[in-house]
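Which chain is which? The protein sequence lines are A and B, in order. Just so we're aligned, residue 1 is where the first sequence starts under the working numbering, counting upward by one. Just so we're aligned, residue 1 is where the second sequence starts under the working numbering, counting upward by one.
Just so you know, the hints here were simulated from the structure itself, not pulled from any lab data. Owing to the predicted nature of the structure, the values given are computational and were not obtained by experimental measurement. All residues carry an ideal CB built from backbone N, CA and C; glycine is no exception. Some hints could be false.
Unchecked claim - Stretch-level coverage of chain B by chain A, calculated; a stretch enters the list once three of its residues show a Cβ under 8 Å from a Cβ in chain A:
id, stretch
1, 60 to 74
2, 94 to 103
3, 139 to 151
4, 238 to 251
5, 274 to 284
6, 288 to 298
2 protein chains.
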Amino acid sequence: MISRADCLERDAADSLGHLRSQFATDAIDAQQLIYLDGNSLGIPPRTVAERLQHVIHDEWASGLIRSWNTAGWIDLPGRVGDKIARLVGAAPSELVVADSTSANLFKVLHAAMAMVRADAPWRRRIVSERRNFPTDLYIADTVARAHGFELVLVDTGDVPSQLDERLAILMLSHVNYRTGQLHRMGDVTRAAHDAGGLMVWDLAHSAGAMPVRLHGDDDATTPDFAVGCGYKYLNGGPGAPAFVWVNPRHTARMDREGWRQPLSGWMGHAAPFDFRPDYVAAAGISRFLCGTPPILSLSALECGVDSVIAAEAAGGLGAIRDKSIALTDLFVALVESRCEGHGLALASPRDAGERGSQVSLVRATDGYPIVQALIERGVIGDFRGPDILRFGFAPLYLRFVDVWDAVDRLKTVLDSRLWQEPRFSVRATVT
Amino acid sequence: MISRADCLERDAADSLGHLRSQFATDAIDAQQLIYLDGNSLGIPPRTVAERLQHVIHDEWASGLIRSWNTAGWIDLPGRVGDKIARLVGAAPSELVVADSTSANLFKVLHAAMAMVRADAPWRRRIVSERRNFPTDLYIADTVARAHGFELVLVDTGDVPSQLDERLAILMLSHVNYRTGQLHRMGDVTRAAHDAGGLMVWDLAHSAGAMPVRLHGDDDATTPDFAVGCGYKYLNGGPGAPAFVWVNPRHTARMDREGWRQPLSGWMGHAAPFDFRPDYVAAAGISRFLCGTPPILSLSALECGVDSVIAAEAAGGLGAIRDKSIALTDLFVALVESRCEGHGLALASPRDAGERGSQVSLVRATDGYPIVQALIERGVIGDFRGPDILRFGFAPLYLRFVDVWDAVDRLKTVLDSRLWQEPRFSVRATVT
Chain A
1 MISRADCLER DAADSLGHLR SQFATDAIDA QQLIYLDGNS LGIPPRTVAE
51 RLQHVIHDEW ASGLIRSWNT AGWIDLPGRV GDKIARLVGA APSELVVADS
101 TSANLFKVLH AAMAMVRADA PWRRRIVSER RNFPTDLYIA DTVARAHGFE
151 LVLVDTGDVP SQLDERLAIL MLSHVNYRTG QLHRMGDVTR AAHDAGGLMV
201 WDLAHSAGAM PVRLHGDDDA TTPDFAVGCG YKYLNGGPGA PAFVWVNPRH
251 TARMDREGWR QPLSGWMGHA APFDFRPDYV AAAGISRFLC GTPPILSLSA
301 LECGVDSVIA AEAAGGLGAI RDKSIALTDL FVALVESRCE GHGLALASPR
351 DAGERGSQVS LVRATDGYPI VQALIERGVI GDFRGPDILR FGFAPLYLRF
401 VDVWDAVDRL KTVLDSRLWQ EPRFSVRATV T
Chain B
1 MISRADCLER DAADSLGHLR SQFATDAIDA QQLIYLDGNS LGIPPRTVAE
51 RLQHVIHDEW ASGLIRSWNT AGWIDLPGRV GDKIARLVGA APSELVVADS
101 TSANLFKVLH AAMAMVRADA PWRRRIVSER RNFPTDLYIA DTVARAHGFE
151 LVLVDTGDVP SQLDERLAIL MLSHVNYRTG QLHRMGDVTR AAHDAGGLMV
201 WDLAHSAGAM PVRLHGDDDA TTPDFAVGCG YKYLNGGPGA PAFVWVNPRH
251 TARMDREGWR QPLSGWMGHA APFDFRPDYV AAAGISRFLC GTPPILSLSA
301 LECGVDSVIA AEAAGGLGAI RDKSIALTDL FVALVESRCE GHGLALASPR
351 DAGERGSQVS LVRATDGYPI VQALIERGVI GDFRGPDILR FGFAPLYLRF
401 VDVWDAVDRL KTVLDSRLWQ EPRFSVRATV T
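Please work from the sequences and hints to get the whole structure.
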C-alpha cells in the first residue's frame, strides 16, 4: 500500500516537479487547497500578472493605437496559434487563436458542410456522441437544422455503426468531458475517412495534457478540422480565446475556390487595411479569424501556452502524459483501496491509455453534496449531473502528494458523512 | 482669433475637466503626445491595472473555478451590458456584452432575416452605405449571399431612395467611421419602418461619446437591433468584447417562438448547467450570448464603461456631447484659420449637429505621409485611404489646449513640409 511518504518521494524524483514553480500557487497553498479542476480552468502562470501590467502600461497606455504594429498585437492570433500548433502536432501557420470554441466549431462545421455539399451531397449526417460536450452539440444542432443536415447522437460504442454512406461529418471530443474517455485519434479519423466522411475533433480536454498528433501518419489518419479551448490545460485564464486548426489540404482548396467562412469579419480579410467594401478571404487559416481579438485575454493565453512549452526541456508532452497517467492511476488505486464501501465506482476507463488527464467517479446518489463537502475540505473537483464526481489532474502543477491528500480528505468526508449536512445540498449557479 | 491662453481658460472652466484624471495619461504626458485616436482605441482608465491584478490574484489564482459564482464572472456579460444600456438609452436586461461587433452583427442580421422571412418574405434587400465600416459590410455580404438576400450599397444621400417595398433591413453606422457623419437615429429609423423594413444600427462610433436613445418616442422611431464596440469611446481596451441590443418586442417574440440565434453556444442556453444534449434558448437578450466570455478583457471593459458613467454627476452624456462639439468646432476653426493654403478641406459635416466626435480632413494627395509626420510630432490621428486624415476627440480626456497644440503641430508639419521626407511614405501594417 502506497503511503504519503511514498508520494513525497515520487515528487522529489519527478522530472517535471520544478515546473510547478511557474504557477501562482501561493493562494492555493495558503488555503491548503488541492485543485483538481485544471480541466475546467487552469491556474495562472506567475508571468501573467506582469505580462498584463506590461500590456496595460507599456502597450495600451503608452503605445496606444500604435501597439497594433509596435507591440505586434496584429500578429498575436497567429503567433500564439503557432505555439499551440507545436502542442497539437500541427505545423506553423495552420492554426489560429480566435473567438470561442463554440464559434470556431460553428466555422469549421460550415466549412465541412460546404465540402460535403460539393463532393458528396447525398451525405447529410453529422454524427456525434450523445454525451459529447453540450455546447458542441448545441452548435451542431443549430447548424444542422439550418442547412438541411441531421445531427445523429449515439452512445459512444455505437459510433462505428454510424460510419456509412450517409455520414457527412464525425464530430467528437478527443477526451470526453464527463468520463475522460480518450479516443484514438488516428484510428477514429481513419474510420470516418474510410466511410467517406470528414473528421472534426474538439481538443478542449487534451491540448496541453498529452501529445496530440493532428498530422497523422498519412492522409487517412489526419483529421480535417480541429478546435480547442485556451483555459483548461493551456492555462490561458477564464474565457481565454480558443483555437481552430484546418487541414492544410483544405485551406489550399479554400484558397483556390475563394471560400469564405460565415463569420467573415475584418481580421480574416486578405487586405483589411485597404478598407475595401467587398470581402476577400485571407489565405490559409487566417480566413478563420473574425473580429478584433481581446488582446488582454490573448496575452494571458500566451503566458499559459508558454507554461506548457516550458516542459519541452523536461521531456515535453510525452513526459507530461507519463506523469498524468501516474497521477490518475494513483488516484484510482487510492480511491479504490481507501474509500471502499462508500458506493463510488470508476466512471472513467480503467486502462490509462484510454483515459485523458481526469478521473470520473460515479455514485448512484448524493454526488453533488459529496463534491460540495469535499470543496469545503479544500479539494476542488466538480459534479456533472446526474451522478458524476469529476477530478482533473493537471500534470504541470499537481504533485503526487496532492493526490494522496485529496483521497485522504475524500475518505474523511465519506467516513464522517460530512456531506449529509443540509447546506451541501444547495445548488450554486455554476458547479 | 482664439489663442492658446484662451484654450487654457476653457479647460480651467470645463465642468468635465476633472474626469481626465481617471485615465492613465502619464505615459502620454511624458511623451507630450496628443491622442486624437480615442475613436480607434480609448486610453486605459487608471482602475484597469488594479482591477486586472485583482482578477488575476484574487479571482483567478485564489478563487479559481469558484469565481464563476463567487466573483460573479457568470453575470459579467449582463452586468456590464446593463451599464452600457444606460449609455445608449436602453433598459436593463436588454443588452449583453459578447464576442466581437462583427459576430454580434452576424447574429442580429440572422434574427432580422428570420423576422422578414416570416412577415414579409418578398423583401430581400439589406441596404447600407457604400462607405459604411467595411467589417459590417463583409458580414452583411456573406450573410446575404448565404440566405438569398441582396446587399445593396449606395452613397449616403441615396439611402432614402432605397427605402421601398424591397427593403428587408437598413443597416447603418450611427456615426460614419470615415467622415464622422452622424445619422439622426429616430428619423432614419422611422423612415426604414415606414418603408416596412427593419433597422440595425452599429453604435461603434457613438456609444460613450454622445447621448444615444435606442428607445425612441414611439415604436416607429425605436430601432430593431443595435451592436457596438467596447474599445473606442467606452475605453475597454484593445479588442474589448462588443455588445448587442435587441428591441424587447422582438426578444419577447423570440421567447414565444423559441427562436435561436445561429451561434447557439452554452452561454445562451436556458439552463447551461443542466448539461442537456439539446439546445433551448435562454429568454430575452441572453440568447445572444455564445461561448465563454474572456473575463480579463471583459473586466477591463467594465472599468472603461465606468469611466463614462462617472460623467453622470457632471452632466453625463449631454455634457460629454457639448464638450465634444466644442472640441471639434475648435479644431475645424483652427485648421481653417491656421493651416490655410495647404490643400486641406473638411470632409466631415460642418454642422456639429450632424457630426460625431471626430473631424475628418481630406487632401487630394499625400494624406498618408502627413499623418505619419504628424504622429512623429506627437499628434496621433490616423489615415483612411485614399485621402482621409481622421482625428477623434474623446471628450472625457481631451483638453481644449490639446486641440490648440495639435493644430499648431499640424501647421508646423505642413509649413516645414516635414512630411515630404521619404521615411513617412513607408506604410506600416496598421495605420
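Status of the hints after comparison with the structure:
Restraint check on the stretch 60 to 74 of chain B versus chain A: 11 residues with Cβ-Cβ distances below 8 Å, three needed, restraint holds. Given as covered by chain A, the stretch 94 to 103 of chain B passes the check, having 5 residues with a CB less than 8 Å from a CB of that chain where 3 are the minimum. Given as covered by chain A, the stretch 139 to 151 of chain B passes the check, having 5 residues with a CB less than 8 Å from a CB of that chain where 3 are the minimum. Counting residues of the stretch 238 to 251 of chain B whose beta-carbon sits less than 8 Å from any beta-carbon of chain A gives 5, enough to reach three: the coverage restraint holds.
Counting residues of the stretch 274 to 284 of chain B whose C-beta sits closer than 8 Å to any C-beta of chain A gives 6, which meets the bar of three, so the coverage hint holds. Interface restraint, the stretch 288 to 298 of chain B with chain A: holds (9 residues with C-beta to C-beta distance below 8 Å; minimum three).
Checked against the numbered hints given earlier, this structure breaks none of them.
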